[in-house]
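Student: Spelled out from the first residue to the last, the chains are:
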Amino acid sequence: MIRRLVLDVLKPHKPDVIELSEALSKLDGIEGINIIIYEIDQQVENAKVIIVGNGIDFENIKKKIEEMGATIHSVDEVAAGKIIVEEVKTPQDRFARM
Amino acid sequence: MIRRLVLDVLKPHKPDVIELSEALSKLDGIEGINIIIYEIDQQVENAKVIIVGNGIDFENIKKKIEEMGATIHSVDEVAAGKIIVEEVKTPQDRFARM
Amino acid sequence: MIRRLVLDVLKPHKPDVIELSEALSKLDGIEGINIIIYEIDQQVENAKVIIVGNGIDFENIKKKIEEMGATIHSVDEVAAGKIIVEEVKTPQDRFARM
Amino acid sequence: MIRRLVLDVLKPHKPDVIELSEALSKLDGIEGINIIIYEIDQQVENAKVIIVGNGIDFENIKKKIEEMGATIHSVDEVAAGKIIVEEVKTPQDRFARM
Amino acid sequence: MIRRLVLDVLKPHKPDVIELSEALSKLDGIEGINIIIYEIDQQVENAKVIIVGNGIDFENIKKKIEEMGATIHSVDEVAAGKIIVEEVKTPQDRFARM
Amino acid sequence: MIRRLVLDVLKPHKPDVIELSEALSKLDGIEGINIIIYEIDQQVENAKVIIVGNGIDFENIKKKIEEMGATIHSVDEVAAGKIIVEEVKTPQDRFARM
Amino acid sequence: MIRRLVLDVLKPHKPDVIELSEALSKLDGIEGINIIIYEIDQQVENAKVIIVGNGIDFENIKKKIEEMGATIHSVDEVAAGKIIVEEVKTPQDRFARM
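Chains as they are written, first to last, in our numbering: chain A, 1 to 98; chain B, 101 to 198; chain C, 201 to 298; chain D, 301 to 398; chain E, 401 to 498; chain F, 501 to 598; chain G, 601 to 698.
Just chain A, same shape as in the assembly (with noise of 0.2 Å):
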């Protein structure tokens, strides 16, 4: 079971960020939806998209984006199970500026 998905997602200007997230948070299994936009260029923007849920439905969440108009790049991290477990940082992390 999915918990939660960090998402990489492109983005055109339109529909908005209010209307993408909204239509997410609608979607079954959702619990709650945070998009950020962290670089606007002119005819994209690019968003971190954060999906928490009980149960996330990965290709119903991906159909979605993909309606809108947006594509997923990457998807960053992923939640699964009967609780959601948090990172825990190591010294062998590699990703030294985190």
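Calculated directly from the structure, the hints in this document are not laboratory data. Hints may be right or wrong, so weigh each one.
To be verified - Quick partial rundown of chain D residues pointing at chain A, CB under 7 Å, derived from the structure:
id : residue
1  : V317
2  : I335
3  : V375
4  : E377
As the list claims (entries may be wrong) - Derived Cβ-Cβ restraints for the label pairs, each shown as a range:
id : chain 1 : residue 1 : chain 2 : residue 2 : range
5  : G       : S674      : C       : I272      : 36 to 46 Å
6  : E       : E486      : B       : K114      : 28 to 38 Å
7  : D       : K362      : F       : Q542      : 20 to 30 Å
8  : E       : G429      : G       : S674      : 29 to 39 Å
9  : A       : E67       : C       : T271      : 55 to 65 Å
10 : D       : E359      : C       : E286      : 41 to 51 Å
11 : C       : G269      : E       : E486      : 20 to 30 Å
12 : F       : N554      : B       : E131      : 15 to 25 Å
13 : E       : D457      : A       : G29       : 39 to 49 Å
14 : G       : D657      : E       : K464      : 15 to 25 Å
We treat Cβ as the ideally placed atom computed from N, Cα and C, and that holds for glycine.
Starting from the structure of chain A, add chains B, C, D, E, F and G where the hints point.
Tutor: Just chains B, C, D, E, F and G now, kept in the frame of chain A:
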């Protein structure tokens, strides 16, 4: 259902930030407002506006902000759904210094 | 309803910070005050004043501050509404070192 | 009794991170899984896998990971016992940037 | 009503920090004291003194500190009112490295 | 009564970190173990071992670690007593980068 | 009433940190002890000793530390009173990197 918005707003010195925050906090569906003035020029002020509520009506917010002579420069974050989802940091975050 | 204010205040050495904080904390609608002296010159002190309450009357605060020989240099943050909304960090924050 | 594992895993693009996390979260003794993709190459992805449970069977985890075409590159942290013990920082930590 | 004070105090080596903290903690209206020695010279010690209470009498504190041969160099923070208000960070903070 | 230990341990690759943590977590008086591998060489691994319990027997721990072919390089932190006391930072800390 | 002490202690290798922490934790009025070894030389070890209790007797602590061949190099922090007061950061803190 929109639960939280982070807006970048450009406002004239008058009406002041006290008046703007009071006006926004009285709108339907709003539980609280935080306005931070992060830059002041001779003519205008740059404000970061955080709005929390149950069912925030973005068009309503926008109308009130414009009525007060200010403009929304960008929508930087939207949280929607039954719960307010917070950001999750990942190594893929391109915006290094956050 | 104003719930929290962050003010940048310029004050003379007398009345001192103890007197100023006691005077402000007695005003109607005030639950608590925090005053931080962050710069001291020969003639004046720069103070960051944080005011928390239920229905803070800004004009009242301003009047009391001026009665004590001090002036409000800027209003840096205002929280209004039923709940006190805290700041949310986003990658669009232009004020880098916060 | 193993309570938490942090693994560094090398995986092919397919099966994807959604499938891998769902498969691992269904194993006996697992309460939750978090998978973070921290590097993507043409052929493979580097993933940090955090597994929380009551009595995690490492051999079972390893078998499932390998069934899905991935390999455990290293075991970076293990928590065992009645409670999950978190890291404690000390001045002797040689791994400076943690 | 003063609830918390942060003082910068210059003290001789004797009486020592144990005696000073015990003496201050016994004054009326004081709930607790924290004294941090942050610099030691041949003759004197620089101490940061944090005082928490319900109705702290600053003149009383000052008198006791001076009785023990020490002097208040500055009053760096005052919290007053029904609740103890903590500092709130804003982009206007001029004191960069806090 | 020893409540928490932080040990720097040098271990061979075999027995692995899973076996070591399971063996230590079964000793009397142990509530939980966390082992972090922070450096791997061809012959050995450097591990930070955190042990939490009610009445930890250090000699017992040491014996078990040595039985498994590993050695305690140093004892970096010890918490003893009825409660587990955490570190307190002070300006006198000479170990700058903690 | 002393509630918490932070001491900088110079100790010989023997008795070791386990023995020192057990001995101190058994003294009257002590609830818990944390000893961090932050530097090891050929002859001595530098230890940061944090002591929490209800009515800590400093002379008693000092006597026990000296009985074990160690010496108190400095008293870096003292908390006294009915409650344990924690440090509060201010822009006047001269000890920059804390």
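Student: Kindly indicate which numbered hints from before are broken by the structure, ordering the numbers from low to high.
Tutor: 3, 12, 13
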